[in-house]
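Colleague: Here is what each chain is made of, one letter per residue.
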Amino acid sequence: MRSLLSDLGALTGRRVTDDDLRTSLAKFNANRREVCALYRLRAEQPWQVPSAELYALVRAGNVLDVDDHTAMLRAYRATLDASPRRPKDMARVAVRGCFCEQPPLELIKTLERSGCFIVDDDWVLSARWIDGDIATDGDPLWNLVLAFLERAMPCPSLYELRKERGEELVDGVRASKAEGVIFAAPSFCDPALLDQPMAMACAKAASIPATSFLYSENTGQFQVIREQAGTFADSIRLS
Amino acid sequence: MSSIATSVRKDRSQEQQKALIADYYRRLGALAAAGQGAPWTFVPGNLTELLLTFDLLPVLPEINALQSGMRKTSGEQVLHAEKLGHSEDVCAYVKASIGAWHQGNVGPTGDPLPKPNLLLLSYTGCFTFLKWFELLRGETKAPTVMLHVPYQAQGGITNEMRAYVVKQLRETVIPALEKVSGKKFDIDKLREHLRLSALAEDDLVRVLEAGKHKPSPIDGYFGAVYYVGPIFTAYRGTQAAVDYYRDTWVEIEERIARGEGPITPDGPMGEQRFRLVVEGPPNWTHFREFWHMFHSEGAVAVASTYTKVGGLYDRGFRHDPDRPLESLAEYCLNCYTNLNLSSRVDLIADYVRDYHADGFVVHSIKSCDSFSAGQLLILREVEKRTGKPGAFIESDLVDPRYFSAANIKNRVESYLQMLGQKQAVGGHA
Ligand code: SF4
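The listed protein sequences derive, respectively, from chains A and B. Under numbering that gives the first Met the number 0, the first sequence has 138 at position 139, and the numbering climbs by one with no breaks. Under numbering that gives the first Met the number 0, the second sequence has 368 at position 369, and the numbering climbs by one with no breaks.
So here's chain A without its partners, still in its complex pose (with noise of 0.2 Å):
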């Protein structure tokens, strides 16, 4: 981390003190306080929070000042509070499998379209890296190594010791009250498509229904992604 630190201070020919590092970890809980209190207000609501939104907003991220997008978060937040949308009854589901290769904004909407409340996800992970605040005292390289080392998000990229592979997709699907996984693994991602195989039995063991398609990140055509996932969750909302 040090020298990765000092390489960073020579491209950019300024060097990072402490206490900046630490006004950046700070800048970062509170923009993934907001990440986080979205996503939990999707499960607990999901017409209020509709993924595809939830999903645009949160990537805006990555290319926005950190300030920026905290604000940002903020304001769609108050839309919300101010101007409620009506409860709708679909299938929830939770999605997994999509690591770097974001999926297009198309496909998200075409599971909301095909009848499915995306209540949990695993998309664009960075903004959710790390399970809770990082601290903001002591020595800041420290303290964000801690962090990653210890309380990074379970990943397909992530080499898992903490728990069996799948048994984190179980806790997620139970946490959200989904009812359902939609395993949407992008082609030629071996991380994801490596874990699919693990992440499906564990469902399985845990009579959780699921179903999986492959996309890419130009997939243009959503007609048969449409009929699949429609069809599951009319399987789920019939059962």
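These aren't lab readings, by the way, just hints derived from the structure by calculation. Some hints here could point you the wrong way.
Stated by the list, open to error - Have a look at the derived ranges for each label pair, beta carbon to beta carbon: (1) A:K87 with B:Y163: 51 to 61 Å; (2) B:D185 with A:R32: 45 to 55 Å; (3) A:R32 with B:R26: 50 to 60 Å; (4) B:L340 with A:E100: 17 to 27 Å; (5) A:L140 with B:G181: 37 to 47 Å; (6) A:W128 with B:K178: 28 to 38 Å; (7) A:C99 with B:H147: 34 to 44 Å; (8) B:K71 with A:A36: 36 to 46 Å.
To be verified - Quick list of in silico lysine to aspartate or glutamate cross-link-like pairs, EDC-like style, CA-CA up to 16 Å: (9) B:K140 with A:E159; (10) B:K140 with A:E163; (11) A:K26 with A:D170; (12) B:K387 with B:D349; (13) A:K162 with B:E138; (14) B:K140 with A:E166.
Ideal Cβ positions, reconstructed from N, Cα and C, are used throughout, including at glycine.
Since the structure of chain A is provided, determine the placement of chain B with the ligand on it from the hints.
Modeller: For chain B with the ligand alone, coordinates are given in the frame of chain A:
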């Protein structure tokens, strides 16, 4: 493959190699029959000397997969895994090993394999290793120990990287092996295995560097697969490996003295018209057919990168009894799979120059994303640096569906024709 004779004349070393591999599987079979387990681990970053110190014999799933590929049983294993939900697009070695596990955990020679008593995950650059052992952990419920080897992202090894690996060996791997074997770690025993490793490594380097001679007495890719077999499996650090590599070197010296080329599956190779360097592993399901496409046209591989995935001994590395854990750490850090793209380009370009090659071939593996990513860039860069033309061929390791013989033959023939035309014009390619 009816046009290819199945057995004409074999090297002494090839017979010895076959006997060693057969004996290895027999010993594994005996363990299985006795209801005993064995540690499962990977070829790159393998810690064979350390395992032998505890009287443990490793099972190497990649070797099982490739041996199954050569014996034409991997296709079934791959299909079996796909039926279980494994994707068509992932590493075929993984699927072969999962399929084999589900089909009764029988090895390629028909001997049963011992169940893993430890999954020793030496992570040396290929991400799939992590997922593979997570999958096997799920299937076998065996305890897993991970040796995290930092990637050579900056193209070198720092003291911190070495110390980090040594610390894991001391604090994690050795205690786990003590537990599994019920034996105390004996560093002097390890030193003795490392001493034997270094002796075998010296002769292996002599064998592989014989490709610099004209004519080349070896095929440094197809033929060399046999040479590296013992040191890639469980023989590094043993007297058997020392003897095998000594005998092999003597055999090759004799061949050099007689001005002879390698022995191919169709007999002694004739005129060597093209000297090639090859990047990427071979296809195993059609190994002989693939080799035939080259040697029948007078193309000999003088050097290859695949024969270095089990260790880059020709770049000077040796296991060192005076620095036992440090040298094991350096071995892992130095694996070909742990090198960044520019180090791989350097290596291939050096081979093209040092082995006086006329060109080079990149054999890209469809389902090996770890290794194949960046190979087109490697091709362009090596061409630019050496001025020698490269060829790009794609197939797979152990999934027979992806070996398109006609296409590959076409590709190889037109590449060699092009080299031939260059020779005709310029005296050499
Ligand atoms: S290097 Fe390639 S073939 Fe070997 S395990 Fe990794 S993905 Fe599979």
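Colleague: Provide an ascending list of the numbers of those earlier hints which the structure does not satisfy.
Modeller: Hints 7, 8, 11 not satisfied by this model.
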